[in-house]
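Trainee: Sequence:
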Amino acid sequence: MTTAMRCCHWAVYALCLPFHLLNAVGLWALYKRVFPFCVHRVSSTYNKKMHETKKQLFRSLPEFRAPDRPLTILEIGCGTGTNFEFYPAGSRVICTDPNPHFQKYLQENMGANGHLTYDRFVVASGEDMGLIEDGSVDVVVCTLVLCSVTSIQQTLRETQRILRTGGAFYFMEHVVADPSTWTHFLQHVFQPLLGYLFDGCNVNRTTWKLLEAAEFSELKLRHMEAPLVFVIKPHIVGYAVK
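Residue numbers for the sequence shown follow UniProt numbering, beginning at 1 and rising by one.
It is worth saying that the hints were derived from the structure and are not from the lab. Every residue, glycine too, gets a C-beta built ideally from N, C-alpha and C. A few of these clues could be false.
[As the list claims (entries may be wrong)] Derived DEER-like restraints, expressed as beta-carbon distance ranges: (1) H101 with G166: 33 to 41 Å; (2) R6 with T45: 46 to 54 Å; (3) W28 with P67: 23 to 31 Å; (4) K32 with Q56: 28 to 36 Å.
[To be verified] Straight-line distance between alpha carbons at most 30 Å, and here's what the computed DSBU-like set of lysine-lysine pairs gives: (5) K55 with K220; (6) K49 with K104; (7) K220 with K32; (8) K32 with K48; (9) K233 with K49; (10) K233 with K54; (11) K104 with K220; (12) K233 with K220.
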């Protein structure tokens with residue numbers, strides 16, 4: 001970071017002192033009960049603005065169905081289930097999320113998307129999906145999740161483990177902006193606050209580099225500017241084949 005960026009970053013970090021104290025004594029964990037409600041309110045707006053992008057992204061999902069069974073999709077960090085409407089009819093869906101308090105809103109979206117079969121909800125992080133068998137799913141979906149996992153590399157390793165050979169990993173993630181932009185500057189300045197408000201979210205990650213370094217046989221990835229608030233405008237979208 002530049003000197004000016006570093007100074008502004010630490011100024012925001014200092015202003016987050018109440019959050020630091022709540023976190024230190026374990027009270028900030030209570031926010032995890034409130035966070036699903038916040039996501040529920042925000043995700044409908046995100047889906048409206050990104051509807052066409054999601055529609056195009058998930059259009060090729062049927063290509064990865066194994067010939068002897070319905071398309072099996074596992075979603076990492078499923079949240080409230082806002083991707084369900086884009087999945088092909090008849091698909092079998094396994095939901096995972098480290099926050100069990102999403103289940104109320106997840107049930108609502110399951111009821112609204114009866115074209116799918118819901119296998120189970122597993123409380124698990126992307127880095128540790130040990131309850132999911134090796135090579136057992138056709139597709140893994142991950143949207144707006146790699147920004148908050150502890151280790152993207154480990155999440156990708158787990159993804160490759162549970163995917164069958166020839167299966168695909170679909171992603172849509174916000175990433176750090178070009179270093180020459182004000183967005184890049186402000187992403188780094190406000191990161192301490194955003195990390196608290198959005199449950200560990202990092203807006204300054206170069207996620208595409210880790211996807212390129214992962215051992216996928218094929219990677220289709222594109223950068224885009226999403227019609228969203230400036231700190232999460234830069235996105236990467238695509239899929240990788242095991």
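Trainee: Tell me if the straight-line CA distance from K55 to K220 falls inside 30 Å.
Mentor: It holds: about 16 Å lies between the C-alpha atoms, which stays within 30 Å.
Trainee: K104 and K220: Cα distance at most 30 Å?
Mentor: Measuring from Cα to Cα gives roughly 34 Å; hence the hint is violated.
Trainee: Regarding the pair K233 and K220, is the alpha-carbon distance no greater than 30 Å?
Mentor: holds (20 Å)
Trainee: Quickly compare the C-alpha distance for K233 and K54 to 30 Å and report which way the hint goes.
Mentor: Roughly 15 Å separates the two Cα atoms, so the pair holds.
Trainee: Please work out if K49 and K104 have their alpha carbons no farther apart than 30 Å.
Mentor: holds (24 Å)
Trainee: Per the hint of 28 to 36 Å, is the separation of the Cβ atoms of K32 and Q56 within bounds?
Mentor: The hint (28 to 36 Å, Cβ to Cβ) holds, given that K32 and Q56 are roughly 33 Å apart.
Trainee: Confirm or reject the claim that W28 and P67 have a C-beta distance inside 23 to 31 Å.
Mentor: Taking Cβ atoms as reference, W28 and P67 lie about 48 Å apart, which means the hint is violated.
Trainee: Would the pair K233 and K49 pass a check requiring their Cα atoms to be no farther apart than 30 Å?
Mentor: holds (12 Å)
Trainee: Can you confirm whether the C-alpha distance between K32 and K48 stays at or below 30 Å?
Mentor: holds (25 Å)
Trainee: With respect to the beta-carbon atoms only, verify the hint that R6 and T45 lie 46 to 54 Å apart.
Mentor: violated (33 Å)
Trainee: So if I understand the rule, the pair passes when the alpha-carbon distance is 30 Å or less; does K220 with K32 pass?
Mentor: Violated, at roughly 34 Å.
Trainee: For the hint 33 to 41 Å, verify it against the beta carbon of H101 and that of G166.
Mentor: 35 Å Cβ-Cβ, so the 33 to 41 Å window holds.
Hints 2, 3, 7, 11 from the earlier list are contradicted by this structure; the remaining hints agree with it.
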